[in-house]
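2 protein chains.
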Amino acid sequence: MQMVLPGEGDMLKIDYRFAMNGLIGANGLGKKQLAAALKKAQAALKDLKARRDRGELGFATVLNDRAMVDSCAGLGKKYRGKLDNVVVLGIGGSALGPRALAKALLPHPLLKNQGPRLLACDNVDPEDLSEIFKIAFSGRSLFLAISKSGATPETGSQLLYVVNRLKKNYGKKWKEHLLVITDPEKGVLRKFADRHDLQSLPVPPKVGGRYSVLTPVGLAPAALLGIDPQELLRGATIIDEIVFSGKHKPCAAELLAALYWAFAAKGRNMLVMMPYSSKLADLSEWFAQLWAESLGKKFSLTGREVHAGTTPVRALGVTDQHSQLQLYLEGPSDKLVTFIKVEKFREHLDVPKAASGLEELSWLSGHSFAELINVEQFATSASLARSGRPSITISIPRVDAYNLGALFYLFELVTVLVASLWGINPFDQPAVELGKQYTASLLGRPGFEDKERELDRFNKKASRFLWPRK
Amino acid sequence: MQMVLPGEGDMLKIDYRFAMNGLIGANGLGKKQLAAALKKAQAALKDLKARRDRGELGFATVLNDRAMVDSCAGLGKKYRGKLDNVVVLGIGGSALGPRALAKALLPHPLLKNQGPRLLACDNVDPEDLSEIFKIAFSGRSLFLAISKSGATPETGSQLLYVVNRLKKNYGKKWKEHLLVITDPEKGVLRKFADRHDLQSLPVPPKVGGRYSVLTPVGLAPAALLGIDPQELLRGATIIDEIVFSGKHKPCAAELLAALYWAFAAKGRNMLVMMPYSSKLADLSEWFAQLWAESLGKKFSLTGREVHAGTTPVRALGVTDQHSQLQLYLEGPSDKLVTFIKVEKFREHLDVPKAASGLEELSWLSGHSFAELINVEQFATSASLARSGRPSITISIPRVDAYNLGALFYLFELVTVLVASLWGINPFDQPAVELGKQYTASLLGRPGFEDKERELDRFNKKASRFLWPRK
Numbered sequence: 001m002q003m004v005l006p007g008e009g010d011m012l013k014i015d016y017r018f019a020m021n022g023l024i025g026a027n028g029l030g031k032k033q034l035a036a037a038l039k040k041a042q043a044a045l046k047d048l049k050a051r052r053d054r055g056e057l058g059f060a061t062v063l064n065d066r067a068m069v070d071s072c073a074g075l076g077k078k079y080r081g082k083l084d085n086v087v088v089l090g091i092g093g094s095a096l097g098p099r100a101l102a103k104a105l106l107p108h109p110l111l112k113n114q115g116p117r118l119l120a121c122d123n124v125d126p127e128d129l130s131e132i133f134k135i136a137f138s139g140r141s142l143f144l145a146i147s148k149s150g151a152t153p154e155t156g157s158q159l160l161y162v163v164n165r166l167k168k169n170y171g172k173k174w175k176e177h178l179l180v181i182t183d184p185e186k187g188v189l190r191k192f193a194d195r196h197d198l199q200s201l202p203v204p205p206k207v208g209g210r211y212s213v214l215t216p217v218g219l220a221p222a223a224l225l226g227i228d229p230q231e232l233l234r235g236a237t238i239i240d241e242i243v244f245s246g247k248h249k250p251c252a253a254e255l256l257a258a259l260y261w262a263f264a265a266k267g268r269n270m271l272v273m274m275p276y277s278s279k280l281a282d283l284s285e286w287f288a289q290l291w292a293e294s295l296g297k298k299f300s301l302t303g304r305e306v307h308a309g310t311t312p313v314r315a316l317g318v319t320d321q322h323s324q325l326q327l328y329l330e331g332p333s334d335k336l337v338t339f340i341k342v343e344k345f346r347e348h349l350d351v352p353k354a355a356s357g358l359e360e361l362s363w364l365s366g367h368s369f370a371e372l373i374n375v376e377q378f379a380t381s382a383s384l385a386r387s388g389r390p391s392i393t394i395s396i397p398r399v400d401a402y403n404l405g406a407l408f409y410l411f412e413l414v415t416v417l418v419a420s421l422w423g424i425n426p427f428d429q430p431a432v433e434l435g436k437q438y439t440a441s442l443l444g445r446p447g448f449e450d451k452e453r454e455l456d457r458f459n460k461k462a463s464r465f466l467w468p469r470k
Numbered sequence: 001m002q003m004v005l006p007g008e009g010d011m012l013k014i015d016y017r018f019a020m021n022g023l024i025g026a027n028g029l030g031k032k033q034l035a036a037a038l039k040k041a042q043a044a045l046k047d048l049k050a051r052r053d054r055g056e057l058g059f060a061t062v063l064n065d066r067a068m069v070d071s072c073a074g075l076g077k078k079y080r081g082k083l084d085n086v087v088v089l090g091i092g093g094s095a096l097g098p099r100a101l102a103k104a105l106l107p108h109p110l111l112k113n114q115g116p117r118l119l120a121c122d123n124v125d126p127e128d129l130s131e132i133f134k135i136a137f138s139g140r141s142l143f144l145a146i147s148k149s150g151a152t153p154e155t156g157s158q159l160l161y162v163v164n165r166l167k168k169n170y171g172k173k174w175k176e177h178l179l180v181i182t183d184p185e186k187g188v189l190r191k192f193a194d195r196h197d198l199q200s201l202p203v204p205p206k207v208g209g210r211y212s213v214l215t216p217v218g219l220a221p222a223a224l225l226g227i228d229p230q231e232l233l234r235g236a237t238i239i240d241e242i243v244f245s246g247k248h249k250p251c252a253a254e255l256l257a258a259l260y261w262a263f264a265a266k267g268r269n270m271l272v273m274m275p276y277s278s279k280l281a282d283l284s285e286w287f288a289q290l291w292a293e294s295l296g297k298k299f300s301l302t303g304r305e306v307h308a309g310t311t312p313v314r315a316l317g318v319t320d321q322h323s324q325l326q327l328y329l330e331g332p333s334d335k336l337v338t339f340i341k342v343e344k345f346r347e348h349l350d351v352p353k354a355a356s357g358l359e360e361l362s363w364l365s366g367h368s369f370a371e372l373i374n375v376e377q378f379a380t381s382a383s384l385a386r387s388g389r390p391s392i393t394i395s396i397p398r399v400d401a402y403n404l405g406a407l408f409y410l411f412e413l414v415t416v417l418v419a420s421l422w423g424i425n426p427f428d429q430p431a432v433e434l435g436k437q438y439t440a441s442l443l444g445r446p447g448f449e450d451k452e453r454e455l456d457r458f459n460k461k462a463s464r465f466l467w468p469r470k
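Listed in order, the protein sequences are those of chains H and X. Heads up: the first sequence begins at 1 in the numbering used here, then just goes up one per residue. Heads up: the second sequence begins at 1 in the numbering used here, then just goes up one per residue.
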């Protein structure tokens, strides 16, 4: 890919004045504290760079996979003008990337005369699914079954439903409406794709679900929805250059990792992610998985019981000023807020002159909504500061594919660095297995009978703890 | 209103087995601990009942306001079949109730051939607003300006925009497209409505924004969207009867308040609200405001500095099992989870026989998605229990207006009871004022010049804490 290095104005910025004790008092970091945290982060980055250079960091390696992005772009071309809906059958890392991209970069779904919409089947609510399937099957839809392992029961059951309907509706042509994105060699989805010679794309084996947005998991839906996958990768590649070139000391990833680490060390167990942009609302959802699943760990790499993790809290500016801000200002001082600010909106939208009877509101006239939202962001960070509550503001120049790619990749690096500082493994999720086994057992899946007794124990005497009492 | 008392099967249930130490170990409550908490809650309820009986509890008093519900229902009738969009200009308590209702009770917005859709303008993002206005002004829309005080700048600036456009589009008939919901006597919106003789409905003065979903703030949008406001009130009234009749010892509100209080006292600073129903996703948003703004308080009623509050964490089952569950299971043990379970879904949606090549998934065939989602809910609560993590499951018979009304009112009572146990005022939100003043100052509103110096202080030396360094 031809890389154009960004000018100053085309790069994200991090404003951390409200993380420092100079402006927020004792809850903030002193310069020495920050320097110490940065030193740790620097060492962690050195390690990370070595792993990256050896090709061990899957989500970094794929940035250079030209064939991967070409295949996704090709898919976009093939279906251009031929789809009403791109239907993702996927959950967790298989849905959150596509959802974040669609929310940020596509028009409001109710606007007429647009390209295909994203329908994300990332739950198994029968009321919701029935409606989504009704929409999907009454238009021109391509269904994307996305699961790295292929074994995800939510996606699996949806796929059984969809294949059944596709065969009924289209007979032998059912295959044209399906795309499989899964491991290149293993798992039931791969077998299924091979058996029927279905269209399919690989999830690179070295990339875990929550780090997969810049693989076909995110790039294929993006391309089908009219979002340029090259631009997403370009944004990520710039961050890669910034972080690993050594030109910035500290680089953006070191700085954020140091700040996040330092505030967690000071006992703040929540990390609020609060973009001031409705379009970025689902970026918080994507981030919340990345952060929670990567960092919420019982054991350290050396086997110590650590119960690591801070909880990502999803919020939205300005909306949550009228919902959560009172708590953030006066409740327990247990949070670090990350704001995401958009420097330049695609629309400004001016507030017009006040109609008669509304003169009291005329102080708003002549300003734009773009101005209002950014002024409110600063006012909120400043009022938090006045209450001694720390925050960090990340600004991006615009909401576009380039900047989304940059944010995705930066947060992935930061998450892995924080894991390194905590001495934990950011790439596994050992705990969720048990719930899956319980589900299998409760649905009578052969081989899971041994869980029945455990579940029986939970039902003994349970009626004593039911309201209303019988 | 004619009240029909519900049968056992038509009432919500609370399952708190996984809150007790018998099943989850030391993190759970002992019977004595729970009994002590219940005793406190009982005393708080006695106080609350006295206030309710004296007519001091605004959100309870309105349940008997026949004229209020009739006016909302009448509005629904007047506009039946005449609207494509109900556009709420409102934020916080003025939008979260309508949003929760629409999400729960209306079909998916992209389904064809339905009644009016809700468009909620609860942010000032210019990209998002431009699109919503484009949709609204290209169909038959009624705009609802909802603000108790009338002074909300977000809603005010939207109203300036909308009135301007309505006058351009409809000339003298602009008034037909506007409904004002505000204080019956005070504020700029009331003045505006009076001046132009606009359609308007009152927000009862004794009911604060976040407690107003069962006033015209929620009931008018509901009626316009085809949701029966009487049913919402019927659900609330049943809870009122259950809570205040003294027939249940403990009642549902006492039980939940005692549990929430006891786990907060044990140091759990997060309350996860996790419905297993996509339709209830925005109920969590509504709850999050109620809980955060009511309970996040610096001072007690006696003026002590307490920094009360626990943070509401919005989650969704099963979706967040693939995002947050790893953290909830293995991270710090700092949360109490409340699940909401739906006993009977309006659709079941069966998983069909496995197509060839997908035989590995055939253990899912023959089950329904309704079964799957509820089995996963139990499996999740059980796996949390195995890790010693507490949870409570509230079951509702169905997702309908009656049960929504019940949940709204129950959570309002529980929140006020917890405030009472903490000795704080659940009805104010003193801290958010400063941010509003900063915003006014930054936009040059006359009278707010004194804030400039404070803000200047925040900008001094700020460039030292900017990345990248210049």
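Simulated from the structure, these hints should not be mistaken for laboratory data. Among the clues, some could well be false.
No copy is singled out in the list; a pair is fine if it fits within one copy or between any two copies.
Under the rule of at most 20 angstroms between Cα atoms (straight-line distance), these lysine-lysine pairs were calculated in the PhoX-like manner [claimed, not checked]:
| # | residue 1 | residue 2 |
| --- | --- | --- |
| 1 | Lys39 | Lys49 |
| 2 | Lys112 | Lys134 |
| 3 | Lys461 | Lys436 |
| 4 | Lys39 | Lys112 |
Verification of the supplied hints:
no.	hint	in the structure
1	Lys39 with Lys49	within (15 angstroms within a copy, 59 angstroms between copies)
2	Lys112 with Lys134	both (19 angstroms within a copy, 10 angstroms between copies)
3	Lys461 with Lys436	neither (24 angstroms within a copy, 53 angstroms between copies)
4	Lys39 with Lys112	neither (53 angstroms within a copy, 58 angstroms between copies)
The structure does not agree with the numbered hints 3 and 4 stated previously, though it agrees with the rest.
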